[in-house]
Structure formats: C-alpha cells, structure tokens
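A.B. asks: Hey, can you work out the whole structure from these sequences and the hints?
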Amino acid sequence: SQKIEQNSEALNIQEGKTATLTCNYTNYSPAYLQWYRQDPGRGPVFLLLIRENEKEKRKERLKVTFDTTLKQSLFHITASQPADSATYLCALGGNTDKLIFGTGTRLQVFP
Amino acid sequence: DSGVTQTPKHLITATGQRVTLRCSPRSGDLSVYWYQQSLDQGLQFLIQYYNGEERAKGNILERFSAQQFPDLHSELNLSSLELGDSALYFCASSVAAGALQETQYFGPGTRLLVL
Numbered sequence: 001s002q003k004i005e006q007n008s009e010a011l012n013i014q015e016g017k018t019a020t021l022t023c024n025y026t027n028y029s030p031a032y033l034q035w036y037r038q039d040p041g042r043g044p045v046f047l048l049l050i051r052e053n054e055k056e057k058r059k060e061r062l063k064v065t066f067d068t069t070l071k072q073s074l075f076h077i078t079a080s081q082p083a084d085s086a087t088y089l090c091a092l093g094g095n096t097d098k099l100i101f102g103t104g105t106r107l108q109v110f111p
Numbered sequence: 001d002s003g004v005t006q007t008p009k010h011l012i013t014a015t016g017q018r019v020t021l022r023c024s025p026r027s028g029d030l031s032v033y034w035y036q037q038s039l040d041q042g043l044q045f046l047i048q049y050y051n052g053e054e055r056a057k058g059n060i061l062e063r064f065s066a067q068q069f070p071d072l073h074s075e076l077n078l079s080s081l082e083l084g085d086s087a088l089y090f091c092a093s094s095v096a097a098g099a100l101q102e103t104q105y106f107g108p109g110t111r112l113l114v115l
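Protein chains in written order, with this note's numbering: chain A, 1 to 111; chain B, 1 to 115.
A hint or two may mislead.
[As the list claims (entries may be wrong)] Calculated pairs, DMTMM-like style, for lysine to aspartate or glutamate (alpha carbon to alpha carbon, straight line, at most 25 Å):
no.	chain 1	residue 1	chain 2	residue 2
1	A	Lys3	B	Asp29
2	A	Lys55	B	Asp1
3	A	Lys17	A	Asp39
4	A	Lys3	B	Asp1
5	B	Lys9	B	Asp29
6	B	Lys57	A	Glu5
7	A	Lys71	B	Asp40
8	A	Lys59	B	Asp1
9	A	Lys98	B	Asp40
[Said to hold, decoys possible] A short, non-exhaustive set of chain A residues, derived as facing chain B with CB atoms under 7 Å:
no.	residue
10	Ala10
11	Asn24
12	Pro44
13	Lys98
14	Phe101
15	Phe110
In short, the hints are calculated from the structure, not lab data.
Glycine included, C-beta positions come from ideal geometry on N, C-alpha and C.
C.D. replies: Quick look at the structure:
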C-alpha cells in the first residue's frame, strides 16, 4: 500500500540556520507533491506545490526539491526564525483530487 | 484566516451517539473535503464533494456519511460513535474538482471527544 514517511522525531535547530525536512514515499507515483504547515490545534496551511517534472521550487525562504527516482522530497527553510516553529506535512497527489498526507515533522527553532 | 468555517469548534459526546459537523467553504469554492486527524494516524482523507455530488471516497467508515447542500455547505454525520472516533475533523475547500494540483484551504477543525 501507499506509504509516506516523515521523520516523526522533532527537528530542533537554532535561529538563522537552515532547516531541512524529509518526505519519503513508497508504492506510489505522485503527479505532484505539496507541503503544508500546521500549528497546534489549527488547520494545515498550504505552502508550496511541486510537480513531478520539476526538480526544485522556491518561495521566499522556502525551497522544495522533488526526486522521483529516490522517491523523496526535501523541504528547506533558510534563515529560520522562531516563528517557523510548527509541524510540516507533505502530501502527495496523483490523477485524482485525493491527497495523501504524511504524519508530519515538528520543527522547533530556538532563539 | 482561510475563509473556511467549521462548527462546532469542540464537541463532547458519549459512545453510541450521533453528531453532525458543519462546514462552509470559501466563497466561490465548489469542492469540499473532509479529513480526520488523530495522534496515531495523521491526516486521513475521508470524502470529497464537488458541487453537491460525491467525488472521491477515502477511508470513511460506514457509520460516517456526508453531504453537500445546494448552498455548497457540507455536513459530516458520525453515528454509533466509538471511543476511537475521538479526533480532529477538518474540512477543506478548493475552487474546482479535476483541476489537479489544486491548493486546498483548511478550516479550523472540530475537536470531537467521545467518552
């Protein structure tokens, strides 16, 4: 069955450093991948989308890569700030409207 | 604020009971999605409606049902509730259906606690 793996352990980094989160998947060939941010007790908020034929996407301090050979996406936040602390979810989409979400990685940025 | 509203914010009920969760999508959005989020399972897709019609189905139990009304708001009905149904239930909306790679806008969620 389709499986998405995100590091369940929290990622703790110092302010100003680059945070890198990983999303690995198996038994799936997604047409696109999305990253969402979720704060405690709130709904996910869309951040970035990358398609299968794209290698990299950037938006301000955010960068996403998508390697369909490795079946992996990396999500980078450069010059991280305490306000970036949240849980980050990756979601895969295929040829339907259905999104399959990973369980998320919690990021904690310390001053 | 995503523009998606959900009511109620919190719901406490007993096993065996039935509850209804309500969602109003963003203005202009025709698709509504329902998700369940529990600590051990992550965000699970339940069902999608597009302009009043069921569009896609995920891991939705037979005890659960949903519908989308002509004014595009949606309701998720949960019946014969069990302790394991305790979770956060999110509604999301998007402009259309079949427009792949579309952003979904999530509501604030309804926290359900079954005692």
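A.B. asks: Looking at the structure, which of the earlier hints fail to hold?
C.D. replies: 1, 2, 4, 10, 11, 15
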